[in-house]
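**Student:** The chain contents come next:
2 protein chains.
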Amino acid sequence: MGSLDEKNIPQSTSNIIGEFKPLDVEEFRRQAHRMVDFIADYYNNIESYPVLSQVEPGYLRNGQPPTAPNRPEEFETILSDVHKDILPGMTHWLSPNFFAFFPATVSSAAFVGEMLCTCFNSVGFNWLASPAATELEMVVMDWLGNMLKLPKSFMFGGSGGGVIQGTTSEAILCTLIAARDRALGIIGYDNVGKLVVYGSDQTHSTYEKACKLAGIFPCNIRIIPTSHDTNFSLSPVALRGVIESDVAAGLVPLFLCATVGTTSTNAVDPVSRLSDVAGEHNIWVHVDAAYGGSACICPEFRHHLDGIERVDSLSLSPHKWLLTYLDCCCLWVREPGSLVKALSTYPEYLRNKRSDHEAVVDYKDWQLGTSRRFRSLRLWLVLRTYGVANLQTHIRSDVRLAKMFEGLVGSDPRFEIVAPRVFSLVCFRLKGSEILNMKLLECVNSTGRAYMSHTIAGGVYMLRFAVGATLTEDHHVATAWKLIQDSADALLANQ
Amino acid sequence: MGSLDEKNIPQSTSNIIGEFKPLDVEEFRRQAHRMVDFIADYYNNIESYPVLSQVEPGYLRNGQPPTAPNRPEEFETILSDVHKDILPGMTHWLSPNFFAFFPATVSSAAFVGEMLCTCFNSVGFNWLASPAATELEMVVMDWLGNMLKLPKSFMFGGSGGGVIQGTTSEAILCTLIAARDRALGIIGYDNVGKLVVYGSDQTHSTYEKACKLAGIFPCNIRIIPTSHDTNFSLSPVALRGVIESDVAAGLVPLFLCATVGTTSTNAVDPVSRLSDVAGEHNIWVHVDAAYGGSACICPEFRHHLDGIERVDSLSLSPHKWLLTYLDCCCLWVREPGSLVKALSTYPEYLRNKRSDHEAVVDYKDWQLGTSRRFRSLRLWLVLRTYGVANLQTHIRSDVRLAKMFEGLVGSDPRFEIVAPRVFSLVCFRLKGSEILNMKLLECVNSTGRAYMSHTIAGGVYMLRFAVGATLTEDHHVATAWKLIQDSADALLANQ
Numbered sequence: 006m007g008s009l010d011e012k013n014i015p016q017s018t019s020n021i022i023g024e025f026k027p028l029d030v031e032e033f034r035r036q037a038h039r040m041v042d043f044i045a046d047y048y049n050n051i052e053s054y055p056v057l058s059q060v061e062p063g064y065l066r067n068g069q070p071p072t073a074p075n076r077p078e079e080f081e082t083i084l085s086d087v088h089k090d091i092l093p094g095m096t097h098w099l100s101p102n103f104f105a106f107f108p109a110t111v112s113s114a115a116f117v118g119e120m121l122c123t124c125f126n127s128v129g130f131n132w133l134a135s136p137a138a139t140e141l142e143m144v145v146m147d148w149l150g151n152m153l154k155l156p157k158s159f160m161f162g163g164s165g166g167g168v169i170q171g172t173t174s175e176a177i178l179c180t181l182i183a184a185r186d187r188a189l190g191i192i193g194y195d196n197v198g199k200l201v202v203y204g205s206d207q208t209h210s211t212y213e214k215a216c217k218l219a220g221i222f223p224c225n226i227r228i229i230p231t232s233h234d235t236n237f238s239l240s241p242v243a244l245r246g247v248i249e250s251d252v253a254a255g256l257v258p259l260f261l262c263a264t265v266g267t268t269s270t271n272a273v274d275p276v277s278r279l280s281d282v283a284g285e286h287n288i289w290v291h292v293d294a295a296y297g298g299s300a301c302i303c304p305e306f307r308h309h310l311d312g313i314e315r316v317d318s319l320s321l322s323p324h325k326w327l328l329t330y331l332d333c334c335c336l337w338v339r340e341p342g343s344l345v346k347a348l349s350t351y352p353e354y355l356r357n358k359r360s361d362h363e364a365v366v367d368y369k370d371w372q373l374g375t376s377r378r379f380r381s382l383r384l385w386l387v388l389r390t391y392g393v394a395n396l397q398t399h400i401r402s403d404v405r406l407a408k409m410f411e412g413l414v415g416s417d418p419r420f421e422i423v424a425p426r427v428f429s430l431v432c433f434r435l436k437g438s439e440i441l442n443m444k445l446l447e448c449v450n451s452t453g454r455a456y457m458s459h460t461i462a463g464g465v466y467m468l469r470f471a472v473g474a475t476l477t478e479d480h481h482v483a484t485a486w487k488l489i490q491d492s493a494d495a496l497l498a499n500q
Numbered sequence: 006m007g008s009l010d011e012k013n014i015p016q017s018t019s020n021i022i023g024e025f026k027p028l029d030v031e032e033f034r035r036q037a038h039r040m041v042d043f044i045a046d047y048y049n050n051i052e053s054y055p056v057l058s059q060v061e062p063g064y065l066r067n068g069q070p071p072t073a074p075n076r077p078e079e080f081e082t083i084l085s086d087v088h089k090d091i092l093p094g095m096t097h098w099l100s101p102n103f104f105a106f107f108p109a110t111v112s113s114a115a116f117v118g119e120m121l122c123t124c125f126n127s128v129g130f131n132w133l134a135s136p137a138a139t140e141l142e143m144v145v146m147d148w149l150g151n152m153l154k155l156p157k158s159f160m161f162g163g164s165g166g167g168v169i170q171g172t173t174s175e176a177i178l179c180t181l182i183a184a185r186d187r188a189l190g191i192i193g194y195d196n197v198g199k200l201v202v203y204g205s206d207q208t209h210s211t212y213e214k215a216c217k218l219a220g221i222f223p224c225n226i227r228i229i230p231t232s233h234d235t236n237f238s239l240s241p242v243a244l245r246g247v248i249e250s251d252v253a254a255g256l257v258p259l260f261l262c263a264t265v266g267t268t269s270t271n272a273v274d275p276v277s278r279l280s281d282v283a284g285e286h287n288i289w290v291h292v293d294a295a296y297g298g299s300a301c302i303c304p305e306f307r308h309h310l311d312g313i314e315r316v317d318s319l320s321l322s323p324h325k326w327l328l329t330y331l332d333c334c335c336l337w338v339r340e341p342g343s344l345v346k347a348l349s350t351y352p353e354y355l356r357n358k359r360s361d362h363e364a365v366v367d368y369k370d371w372q373l374g375t376s377r378r379f380r381s382l383r384l385w386l387v388l389r390t391y392g393v394a395n396l397q398t399h400i401r402s403d404v405r406l407a408k409m410f411e412g413l414v415g416s417d418p419r420f421e422i423v424a425p426r427v428f429s430l431v432c433f434r435l436k437g438s439e440i441l442n443m444k445l446l447e448c449v450n451s452t453g454r455a456y457m458s459h460t461i462a463g464g465v466y467m468l469r470f471a472v473g474a475t476l477t478e479d480h481h482v483a484t485a486w487k488l489i490q491d492s493a494d495a496l497l498a499n500q
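Line by line, the protein sequences are chains P and Z. Taken in order, the first sequence gives residues 6 to 500; the numbers are from this note's numbering. Taken in order, the second sequence gives residues 6 to 500; the numbers are from this note's numbering.
Everything labelled a hint here was simulated from the structure, so no lab data went into it. Model, not experiment: these values are computed from the prediction. Please note that the accuracy of each hint is not assured.
In silico DSBU-like links for lysine-lysine, alpha-carbon gap of 35 Å or less [unchecked claim]:
| hint | chain 1 | residue 1 | chain 2 | residue 2 |
| --- | --- | --- | --- | --- |
| 1 | P | 89 | Z | 26 |
| 2 | P | 154 | Z | 26 |
| 3 | P | 89 | Z | 154 |
| 4 | Z | 217 | P | 217 |
| 5 | Z | 487 | P | 358 |
| 6 | P | 358 | Z | 89 |
| 7 | Z | 408 | Z | 444 |
| 8 | P | 89 | P | 444 |
| 9 | P | 157 | Z | 217 |
This is chain P alone, in the form it adopts within the complex (with noise of 0.2 Å):
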């Protein structure tokens, strides 16, 4: 931004009073400070909000003028029309009565690393591009890989390497592509309609979609069902079947997501026994650790990553669990060169000395897309700020809750746990019909005082009490709890 001369200005001149100075430093300082005020106010009261917005579609959109205002608008304006506008309209994700899903964990120390990521603004698609940015996220992927006892294969301080992607959706397709290339460099695009993909029915839906998005043809995509027999989990032996009689009809095995705590239920597969199948058949085994992989930081959940040094790739979501915001997903090759081959591009107008000459990491090379943030800063500034000590005290002080509701919910013979509590989501309903559990979901949930959300595992109604919402505390889940059963009163009386 140039200085501009009122003389100079073609057209809507009586608009513009003065120079426009969008980074106007002190104007930054003072709006910044306002808005960390804003902010903390905010998570100060944000128990006053009901946690699932209660609004009607077009609640916002038909308020709205049809255009974007020609002048400015005053600051104060603008953040009152958040308060009036927007707060009515959010589901509050960090809530401390939000149950639902799985919570999207944060800390005061990733949102100071998402103001410093945004404060550069680098845009590191290659090394060169901001060196800080590539060898930062090259450290902190080996340090939450040694977090999580990973194998050498998986650091760069070994022969692997890992990335942080946006989510989980990213990392899948990434790899997936990764092993679909390396694939038809063997057997021809001409191909392409023999691969074929495996999950459980407990995989999460974005597998599926990656698996489209990749081209696999729908017809080769396969869901393996499984049961409350396995705890939900996938069975080797049922993976085997699928794959034995793929290969019978000529077909390609292809690639295999298995999941560290399954979005429905929390469900593990055995990665181990899985990897022993696959391997018979060259696949390439993915393991979606999005949010389960997080507890494996702890030495007692660690057994749920056994087998993990014969997989090809993991990925890990710190956003679910680790404290950072969204968004930020790791993701960890055993073959870095795989995924480069399949997605690295050179144009001349990104050439540089560095990559021509160096073993310098180019990330755009290990992702979708070209350009990225500096994301890693969110990460580095959690592992340091707590340590690994505490955050192993916050996977733990989690589960501890969710133990405690489990209890709450064996104590009242009117309720079940349907599904074995593994982490920190509790999965249970009320003795009773499909249509009774869906009543008290809803009865729960548009109070506004809790947010609970539901799954189907099994052919099973069930209710999902998810916790770990960083504001939580003991005293949340005893008053969700007792609403819930004070709902159940209500509904069971009126039965």
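Starting from the known structure of chain P, arrange chain Z on it as the hints suggest.
**Tutor:** Same frame as chain P, now just chain Z:
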């Protein structure tokens, strides 16, 4: 996070001091205020750092411990490490002396918008997950669409709609997959090998990458040569020739990516005439206006989008030239149904009455992944805080500075302009060999006092001087030119 009594901690108790509260609001307030001042001070001092980082590969990694700390570290210690370890490794994209690639522009309004987005940490996969996040995005997409005078067919206020993606790469990949699946629905998956896609040798490299990711056979990616004769824009005649040859060979033309403001030289493909050709073969036309599109909010540049009413989709990245910080890429589509059909998922755990029964937009079905941030806040803050008139001023001011630089180059007979200036990028060279120009670039960039990049178009190696970093003023452009002249003096004297 619940509080955790020390006696309940199974391991590592010696490292835990009292409760662990990662979002203690007063601590948050203190750290965030501290970070605001840190950042403001960085912006004030940004010219004191070399624009292009001068470190060597390994500069950071080699000095870091192999593992994350077990115990907490002080915030001030970490901030001082940002100074000591991070800043030297930054290529300062916000420096007023940054003239490489395209500027990634910023503003106070977008910064506080990003703070608010982070604050809520809403995971807006569907309407219900945060109605405000979905509806505000719809509002700002229509606002920006109106600023660009897009036809109603791209607006929610008409029959189309828009969505904020991370980057152009994602926008192209989404639309390409929508087009692919629409075609495969007609010709059958077995004929995927017949699909052909079109672009020019000036189309961004991410397009070719997206085509490969989407499973288009590499042999079917047509990269049509351009030349200086058409100012490096794609010739409709050449396009028609390639398409007709493909059709004659039994192939199926699928997708064309036209560019308004190419990366190398800011060439503008003739959207209207290309649409004529594409229309004859039912080809999905996408316009990538990542950089140049922003200029079209000014009436005098709007003609570059002429014909836009006949294309299928358009993407434009406000993070390039509309002050929003990374990442913010706006994608409009004429038939959202095609996009949603290709990208939708609806697992049980996300089912809800709103999505079941009402015409709400669930943005997870408009993008590659599932989770998404409340990105529209940044664009909303920018549009309201500054108003359209100031944003037009901003565009014109950058163009004026580029014209000034163009004039300076023209006044020195040792130099020549090698591609017409369209927006605020100037492509020029020192008359002489490629080696000489490579040396000139190296010489300028190694001073740390300015940073330019290069490209090759039509076989000619040229230097790119992209004006428009947010803090750039007249004197920065003049000083950079002086540096370029002085460097040329030294180089030519030593020849």
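**Student:** Each hint: holds or not?
**Tutor:** So, going through the hints one by one against the coordinates:
Restraint check for residue 89 of chain P and residue 26 of chain Z: the C-alpha separation of about 30 Å stays at or below 35 Å, so the hint holds. For the hint linking residue 154 of chain P to residue 26 of chain Z, the alpha-carbon distance of about 26 Å falls within 35 Å, and the restraint holds. The suggested pairing of residue 89 of chain P with residue 154 of chain Z holds, with an alpha-carbon distance near 30 Å, which does not exceed 35 Å. For the proposed pair residue 217 of chain Z and residue 217 of chain P, the alpha carbon gap of about 14 Å is at most 35 Å, so the pair holds.
Proposed proximity of residue 487 of chain Z and residue 358 of chain P is supported: the alpha carbons are some 25 Å apart, at most 35 Å. Note on residue 358 of chain P and residue 89 of chain Z: the hinted pairing holds, with a Cα-Cα distance of about 25 Å set against a maximum of 35 Å. Restraint check for residue 408 of chain Z and residue 444 of chain Z: satisfied, since their Cα atoms lie roughly 25 Å apart, inside the 35 Å limit. With a C-alpha separation of about 31 Å, the suggested pairing of residue 89 of chain P with residue 444 of chain P holds against the 35 Å cut-off.
About 31 Å separates the Cα atoms of residue 157 of chain P and residue 217 of chain Z, which keeps this hinted pair within 35 Å; it holds.
Every hint, counting from the list given before, is met by this structure.
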